[in-house]
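Following the hints, position chain B against chain A.
Each protein sequence line maps, in turn, to chains A and B. Be aware that the first sequence starts at 3, since it is given in the working numbering, and climbs by one per residue. Be aware that the second sequence starts at 4, since it is given in the working numbering, and climbs by one per residue.
Think of the hints as simulated: they come from the structure by calculation, not from any bench. Certain hints may be false.
[As the list claims (entries may be wrong)] Distance ranges between label pairs, derived from CB positions:
| # | chain 1 | residue 1 | chain 2 | residue 2 | range |
| --- | --- | --- | --- | --- | --- |
| 1 | B | Phe201 | A | Phe12 | 26 to 32 Å |
| 2 | A | Arg233 | B | Asp101 | 32 to 38 Å |
| 3 | B | Leu320 | A | Arg233 | 16 to 22 Å |
| 4 | B | Leu320 | A | Pro251 | 23 to 29 Å |
No residue lacks a Cβ here, since even glycine has one placed at the ideal position from N, Cα and C.
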Amino acid sequence: MPRARRRSVFTVLFRAGTVLALLLVLSPAVWLLAGVISKAAPHWQWSVLWTNLQGENGGLLGPIVGTLVLMAGVLVIAGSVGVLAGIHLAELSRPTRRGGAGGTWLRMAADVLSGVPSIVLGYVGYVALVVGLHWDFSLLPALLVLSVMVVPYIAKATETALRQVPTSYREGAEALGMSMGHSMRRVVLKSAAPGIVTGLLIALAIAGGETAPLLFTAEFSSTVWTGSLVRAHGFGYLTYLVYQYWSYPSQHANDLSYDAGLILVAMVLLLLVGARVIVARTQRHTEYRGR
Amino acid sequence: MATLEGGADRRPAPPGRRSQAQGQPRLARMAAVLRAGETGAWKWGARVAVLLPFAALVFVVAVLALKAYPAVKVNGGGFFTGSAWKIGSTYAATTRTDGVAHPVGSSYGAWPLVAGTLQTSAIAVVIALPISIGCAFALTERLPRWVSRPLGFAIELLAGVPSVVLGLWGVLTFGPALSKTLYPFLADHLPDVPVLSFFKGTVGHGEGLLTGSFVLTLMIVPIITATTADLFRQVPALPKEGGEALGMTDFEVASKITLRWVRSGIIGAAVLGLGRALGETMALVLTVGAIFQLAPNVYSPMSTIAAAIATQLDSSLTDGTGFAVASIAELALVLAVISVLVNLAARWIVHRTSRLGGPVGRGA
Numbered sequence: 003m004p005r006a007r008r009r010s011v012f013t014v015l016f017r018a019g020t021v022l023a024l025l026l027v028l029s030p031a032v033w034l035l036a037g038v039i040s041k042a043a044p045h046w047q048w049s050v051l052w053t054n055l056q057g058e059n060g061g062l063l064g065p066i067v068g069t070l071v072l073m074a075g076v077l078v079i080a081g082s083v084g085v086l087a088g089i090h091l092a093e094l095s096r097p098t099r100r101g102g103a104g105g106t107w108l109r110m111a112a113d114v115l116s117g118v119p120s121i122v123l124g125y126v127g128y129v130a131l132v133v134g135l136h137w138d139f140s141l142l143p144a145l146l147v148l149s150v151m152v153v154p155y156i157a158k159a160t161e162t163a164l165r166q167v168p169t170s171y172r173e174g175a176e177a178l179g180m181s182m183g184h185s186m187r188r189v190v191l192k193s194a195a196p197g198i199v200t201g202l203l204i205a206l207a208i209a210g211g212e213t214a215p216l217l218f219t220a221e222f223s224s225t226v227w228t229g230s231l232v233r234a235h236g237f238g239y240l241t242y243l244v245y246q247y248w249s250y251p252s253q254h255a256n257d258l259s260y261d262a263g264l265i266l267v268a269m270v271l272l273l274l275v276g277a278r279v280i281v282a283r284t285q286r287h288t289e290y291r292g293r
Numbered sequence: 004m005a006t007l008e009g010g011a012d013r014r015p016a017p018p019g020r021r022s023q024a025q026g027q028p029r030l031a032r033m034a035a036v037l038r039a040g041e042t043g044a045w046k047w048g049a050r051v052a053v054l055l056p057f058a059a060l061v062f063v064v065a066v067l068a069l070k071a072y073p074a075v076k077v078n079g080g081g082f083f084t085g086s087a088w089k090i091g092s093t094y095a096a097t098t099r100t101d102g103v104a105h106p107v108g109s110s111y112g113a114w115p116l117v118a119g120t121l122q123t124s125a126i127a128v129v130i131a132l133p134i135s136i137g138c139a140f141a142l143t144e145r146l147p148r149w150v151s152r153p154l155g156f157a158i159e160l161l162a163g164v165p166s167v168v169l170g171l172w173g174v175l176t177f178g179p180a181l182s183k184t185l186y187p188f189l190a191d192h193l194p195d196v197p198v199l200s201f202f203k204g205t206v207g208h209g210e211g212l213l214t215g216s217f218v219l220t221l222m223i224v225p226i227i228t229a230t231t232a233d234l235f236r237q238v239p240a241l242p243k244e245g246g247e248a249l250g251m252t253d254f255e256v257a258s259k260i261t262l263r264w265v266r267s268g269i270i271g272a273a274v275l276g277l278g279r280a281l282g283e284t285m286a287l288v289l290t291v292g293a294i295f296q297l298a299p300n301v302y303s304p305m306s307t308i309a310a311a312i313a314t315q316l317d318s319s320l321t322d323g324t325g326f327a328v329a330s331i332a333e334l335a336l337v338l339a340v341i342s343v344l345v346n347l348a349a350r351w352i353v354h355r356t357s358r359l360g361g362p363v364g365r366g367a
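This is chain A alone, in the form it adopts within the complex:
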């Protein structure tokens, strides 16, 4: 084949390849969404949202409340720890002698922690908290394990957001006589807030969709959460139903499993879209300000 001809063939192949690659990802994604909806839609009744779960019958009230409680708890525990850790990494750690960002070892620890598989964290939670401290399957061990899982993520998001706050803001605050803590709250954190909130929303999406570590720390319970932190003999959440109920013999149990899947997907997508909207709005804002 002549050289010019070969070059144009490669170009066409390359262009077709990029489109094919996109199709190979997007078509299963659409198929997945359609599958989740089509499994749940035919029998969908809004009453599953507020009906109690009784064994394999009833609705999903208990697990829905459980997942929301887990997310709220993660927001409080992992949110405060992660944001504070991010503040330390971005603002307080001393720069290295060569001028790079400080806190290398602490950042490394967070990175390593985010690489530990969630099932391993769940196992450690089971051995140390559920059995070791006699907490039994309940809310607190589940919360702690989920928090350990997402703290590195929130810390990273916070650090990135804080690094994008212009130094002139901090200098301006200092020149006005604000103490470091005061300017942190009123100036720096305020302008980094969109990035931090985005990180928190994504962390919530991860926590709400997680299953593996919860199997060992919360196990399951079909009753609505009674307010106990430990020794609850199980704690219900949505992902467990997706994992187990689809293979049960009763049709209603299978339906509950599909419903739980649909609710989870809707919830996670809502959180991620929310995060994206915040990013888009603030980007527009900063671009406007820059000009």
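Structure of chain B alone, referenced to chain A:
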């Protein structure tokens, strides 16, 4: 500066005028104290918080090592070469090896699990890498912004789908559909040469190695695509424009300039995906069949380390000596060490090429 804000309050008030000085100055004094305390509170809070991930890491390693120690001692090297995973007779008397009690006939060989983890992850990365590079090119270089932004966001959303939902779809819809269409086609038409003969044989019902690998692929493509697209955006425009000015086609610009510019970063992105694939649990528990065996062909059910930990804990609790739980700790330790090393390597490679670094965390 200080006199402007609260200096007057810091001077002790003359004793006789204290009754008059109630109200405003006292409030101001409290505010000043609070404000001074605020800096300290932020600093100490941040100092404690930043140590917690480190403490958690040490705790996790310590618990795993302590718990796994008896199993490591008894199982020895056979843990990595043996292929029988048996709790042993939990009703008979227990025996002792090296001072560790365990049931008669217990045997822990994790080779099929280790091999299964490597198989599923390797297949997933091999499929995901070219697809991700293609997607990244399409998103950053080829498509107009109004198309590429929503498409990029759709791929991001795919990363956020809970893995258990992906697994359920894999076992109910995706796997069965493939076992009726793609798998028979592959089994019939691929040549019987080394590597590819692994694709021959009975096709099964869609629960097995290949289905699991495909689902894993869907989970890691968004991660590799996002990282690669970030890298592509950092390639300066001048060399690319120079290439075009010299008459290079867009394929030549892509392969000879853009790809070469970020070569090692892409390896890092692939390793990042690999790290995620190694530790994935729920999607695989549901789609690979979770049977402890070395898969005879790509369609047969098998298991991975992570899936085994999830499915074995219940039955391990029946072992009164606790040796089964210790062996699971050894599995968890092996998995943690592998995926931490892979993750660190990926971060190091990506960081070396890019100041921004790749997206971290568990994908979403």
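Checked hints:
At roughly 31 Å, the beta-carbon separation of phenylalanine 201(B) and phenylalanine 12(A) lies within the given 26 to 32 Å, and the hint holds. Distance hint check: the CB atoms of arginine 233(A) and aspartate 101(B) are about 36 Å apart, consistent with the given range 32 to 38 Å. Checked against the given bound of 16 to 22 Å, the beta carbons of leucine 320(B) and arginine 233(A), roughly 18 Å apart, stay inside it. For leucine 320(B) and proline 251(A), the hinted distance range of 23 to 29 Å is satisfied, since their beta carbons lie about 25 Å from each other.
Hint violations for this structure: none, all hints satisfied.
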